[in-house]
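Could you fit the two chains together into a complex? Lean on the hints.
Each chain, letter by letter, is given below.
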Amino acid sequence: MVAILDYKSGNIRSVKNALDRLGYDSIITNCESDIERATHIILPGVGDAYNVMNYLIKSNLYSVIKSISSPVLGICIGMQILCASSQEGNVQCLNLFDIPVKKLESSQKLPHMGWNRVYDLRSPLFNGVNEGEWFYFVHSYAPILSQNSIATTNYGVEFSAALNKQNFYGTQFHPEKSGDVGLKVLSNFLIM
Amino acid sequence: MVAKRIIPCLDVNCGRTVKGVNFDNMIDIGSPIDMARAYSQQGADELLFLDINATKDNSNIFYKIIEEIACNINIPFTVGGGVRSVDDVARLLDSGADKVAINSAAIYNPNLVNKVSSRFGNQILVIAIDAKKLDDRQVVFSAGASKACEKELLEWSVEVQDRGAGEILYTSIDCDGMVNGYDLENLKILNDRLRIPLIASGGAGSMDHFLELFRLDCSSAALAASVFHKEVIKIKELKSYLFKNSIDIRLC
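Sequence order for the protein chains is A and B. Position 37 (the first sequence) corresponds to 37 in this note's numbering; numbering is contiguous. Position 152 (the second sequence) corresponds to 152 in this note's numbering; numbering is contiguous.
Pulled out of the complex, with its shape left as it was, chain B reads as follows (with noise of 0.2 Å):
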């Protein structure tokens, strides 16, 4: 069976890999090739790669960045951040990416995930969304988890399925950097519903909150940051953790 994968998260600015929630703060925790190297060698499944500077004028950098990384590992990379048009896809696919991940561009402009999916195949399409909880409902949230929209978790990401994407990484803003764990009930709900992967984002923060995510077969794949940057959690111990616990993972 097809195993549950592991997936580090680097978020990108100006050629290296930064950290810090907001862009006044940013610490610069080294170069993303060789990050991506090392998380490679450690077993990582995939990697996925968010350009946070993409609304500035320096993306050449960015797409230089995509080359590099396509030249020195040999797993498949996601990469996203600013992702709005059909050409933006096709030159991030020429440069290397495997998958290309969009969120906002997908909320302002819907067709896009038709187009994008119908001209490459929808198995290079990621649709990236932002929930939070807001009166009882998942609300979507865009540009950069800071603006409400009308859309409903669940019903988002059905039409985005229904329009063709062929995988949701689903990150709740209300778990990110809690390190609580996983919004799991809510994963819970959307993996049972969707026929395409899921993939986990936000609350990492310990194996066990790996664990009871696979466990409850809450998604495909778990993607982290800062557990993984940090060193908090060692994603070749992380694995073997979740293999002894019957979990299927890839160990190597």
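Isolated chain A (complex conformation) (with noise of 0.2 Å):
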């Protein structure tokens, strides 16, 4: 059973959707027993870091996802907030990716919308993706590229595609809304 963290943020039935696809069985929950008995945990995108890091403390979810020893998936916000702190809200984060998220600083037009290409890949997320394959973004913040870098792509500027250290994982772009490729990550980290 894969456990998707419901921390009151937008659609988090496409990655629901995306499982069901894959032949996943997931719910979609906020407590503490399913998450430990999940074999997987996904924090799905969308929403704000302010937001999300005050619901993760209101309700005790900050200390339990820290904890967690299963294979984590963040993607997106949920990929923000395992980070050391945002700018967006000027928020501390959880601090298990040791970087700060940042504002795109970038000439470009915010947000960064639509398909862009990921290079750099090195991880077994990526098993069977092409480098500078097309996957789908949008975020006007992104993590800084660190040691715990496994992809990376430049909008104007260079930032972490996706990040891991241990057993947390995390893409800045959707997975569950690139098409094939995006299926693929998504089950790659479904067999870890």
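These are computed hints drawn from the structure, not numbers from a lab. Hints are not guaranteed to be accurate.
[To be verified] Once the Cα atoms are required to be at most 20 Å apart in a straight line, the calculated PhoX-like pairs of lysine-lysine come out as:
#1 B:K188 - B:K132
#2 B:K234 - B:K19
#3 B:K244 - B:K234
#4 A:K165 - A:K109
#5 B:K115 - A:K8
#6 A:K109 - B:K234
Next up, the structure:
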């Protein structure tokens, strides 16, 4: 059973739909025992860092997430809250990745919205995915490059398109919205 | 760099995709779910669904359709048509929409833009603007392009951007249906001025219309309906044509 964390953020259903398509049972939950029992945990995307962190602190999910030992995948905002801090609302985050999330300092339009290429793939998360493959992004903030980066994307500036440290993974793009190649990334995560 | 997006638009009425500009003369052209799946396979980057019957009392059918679409495709899609309140937006997002497009309701109640944006983030909010040239001004129209209002295109676009829109969808009423190309002049002015992405709509008739739109950097994305539905232009061919002409395009 895969647990999709419900922190009252948008579009959780699309992650569940993607897991359905891949044939995985999943539950949308904010209940500690569901999370402890789950084989994999997904922190879905969309929302803003300040509101999500407030919810996590109020609901005690903050410490629950920090102590998870199963594979965790944060998507978009779900990855950003695993970082040390976010410039969005100037909020301290979970610090599982010891890097800040910053506003994209780019002369390009924001939000960075649409399909962009992902490079420097260096993780089993990207098994079977080609260098330069297209993924769907929609965001204005992103984690900077670091030793935890397992993929990068360029939008006027380079940023971490994906992160990994121990059992924690994150993608700035939305695999659940990135067509078949996105499903490949999700299925790679689910066999970890 | 982020790819230019190709977005087919599907008008939905009582659970079916329809074609035709007026309500008396609508032709059923298929199931929105089947069409969504087909467009997604052909390489569409996003989809837009408009509930053209939104003023009538059967919107539950529409929410059901949105749920089914979300189960069946794995590319992003925007939903619009008769969206009036924060609750309408919440319900569409809960049904599985990635973004919501608002048009008339934002004109009547500009504060709705601020409210939706602060609740859900600007990335889910597309403000659709229909405008037409009247006495050398691009005048904004509401209520399905039928009613002129006091606003001017550029001024209104900047206002909704400042209020929290994440994207603007501009349809030129003059170009729409004419298949003579997009309104490049106004799109260029808007795109240079706006800090948020712009979607061009109205007038696509050939692959060259898309090429000139992107070559002149008049928008981030191009929307079209009839040329795709009638297969005058096939998305796969369009994308490879644009790619060959050095436009940043996602081939798949």
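How the hints compare with the structure:
1. The straight-line distance between the Cα atoms of K188 of chain B and K132 of chain B is roughly 16 Å, inside the 20 Å bound, and the hint therefore holds.
2. Straight-line distance between C-alpha atoms of K234 of chain B and K19 of chain B comes to about 17 Å, which keeps the hinted pair within the 20 Å bound.
3. At roughly 15 Å between alpha-carbon atoms, K244 of chain B and K234 of chain B fall within 20 Å of each other, so this suggested pair holds.
4. About 31 Å separates the Cα atoms of K165 of chain A and K109 of chain A, which puts this hinted pair outside 20 Å; it is violated.
5. Proposed proximity of K115 of chain B and K8 of chain A is supported: the alpha carbons are some 17 Å apart, at most 20 Å.
6. Restraint check: the Cα-Cα separation between K109 of chain A and K234 of chain B comes to about 29 Å, which exceeds 20 Å; the hinted pair is violated.
Violated hints, in rising order: 4 and 6; the structure is consistent with all others.
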